[in-house]
Amino acid sequence: MPASTPYERFTVLLTSAMDALQLTDAEQKLFQTPQHIHKKKISVTRDDGSTVELPAFRVQYNNARGPYKGGIRFHPEANEEEVKALAALMAVKTAVVDIPFGGAKGGVQFNPKEYSKKELQAVARAYVRAFGEHLGPDIDCPAPDVNTTPEIMAWMRDEFEKINNGLYAPSMITGKPLSFGGSRGRDKATARGAFFVLEELLKAENQDSDGQRVIIQGFGNAGGHMAHFLHKAGYAIVGVSDSKGGIYSEDGLDPSEIDLTKEEKGSVTAYEAKGVRTVTNEALLELPCDILIPAALDNVLNEENADRIQARYIIEVANGPTTPEADAVLGKKGIIVVPDVLANAGGVTVSYFEWSQGKSGEQWTDTQVDDELNRIMLNAFRAVHEQKLKGAPSYRMAAFLVGLGRIVETMKVRGWM
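Going left to right, the sequence shown walks through residues 1461 to 1877 as the numbering used here numbers them.
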């Protein structure tokens, strides 16, 4: 029976990795339950004077390797199960790239598109007041996630400092505006990290990047920046999409032109040129390409469409785009999947740089950020690739073995197991 919830899907892989590491039953139990699950109803006064109560969550999964780290999402479907799974994945992700953080995640269950800017600020500040005792630079450092922005992170930092008697705490949250303690390169970090990993993968596969046909599902921040990086490096972008649909052209697409169309007309689907056709998001995934990059929603690659995927490589820029059932099918087809815990870890890595800069008072240049991100992402890929060469059945399992192995090592040093 297919795993039905996000956390059940995570547990499928976690159990396999723990078995491979030969953990005892007692040791396995330490990873099967988050260390802390915080749940509250936050009260917000709306512009019309009415008051609403919104379910809010902060799940702190594991902090063996450092402070909890993970985003806060504003979404109508945010719930404990989803947040728990994402917190668990973050614990593995930070260990894969070997930065000194644990894993956490947060969420508020509401539709931010129905709220004014003033109301969103009220939600952000209420969230920090609700969970402030569990947050802090050396306790739990949040970040942006779905529907949260640098401005929202700034409000949260400001609220945290207010409720702590004016404490100066630039490192209590990351993803902030540059003017309020943010880091250069944060907006492009997820895409840049994924680009570095893809380039290294193709080298390992003895493949030339020039002319590789790429489809990107999700032309948002990460997907859009990824398209530009790839286009500049000589890849052929043959398909892109946003929430309204996608476009495909065997002759290739220019991301700069797509940007202009999206800005002027609201969607990539409005782009018109010879040889370009519109398709659904679902159909785009199944069209011919060498590299498929899901950069939007989770579970888009599943048991229903996995057998129709034509790509040779899949780079998971989105969180959880591939179900365990799809993974099995893709593996049998010989399609190489680079998992989210490696491919999209550039974002949390540059968040680490921001955290470090806040603690030290330094301000890194764009070159410093890029060079250090490149070093960390390549080291992470090489560690995962080496694990795969040792016999791991997939890059996903190899990444989990690397990440989980590092967490286990630290927990043993601490005497936790």
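Think of the hints as simulated: they come from the structure by calculation, not from any bench.
In this text the structure is predicted, and so the values were computed from the model without any measurement.
One or more of the hints may lead you astray.
[What the hints assert, rightly or not] Derived lysine to aspartate or glutamate pairs resembling EDC-like cross-links, with alpha carbons at most 16 Å apart: (1) Lys1692 with Glu1717; (2) Lys1573 with Asp1507; (3) Lys1734 with Asp1714; (4) Lys1692 with Asp1719.
Taking the hints in turn, this is what the structure says about them:
no.	hint	result
1	Lys1692 with Glu1717	holds (14 Å)
2	Lys1573 with Asp1507	holds (14 Å)
3	Lys1734 with Asp1714	holds (13 Å)
4	Lys1692 with Asp1719	holds (15 Å)
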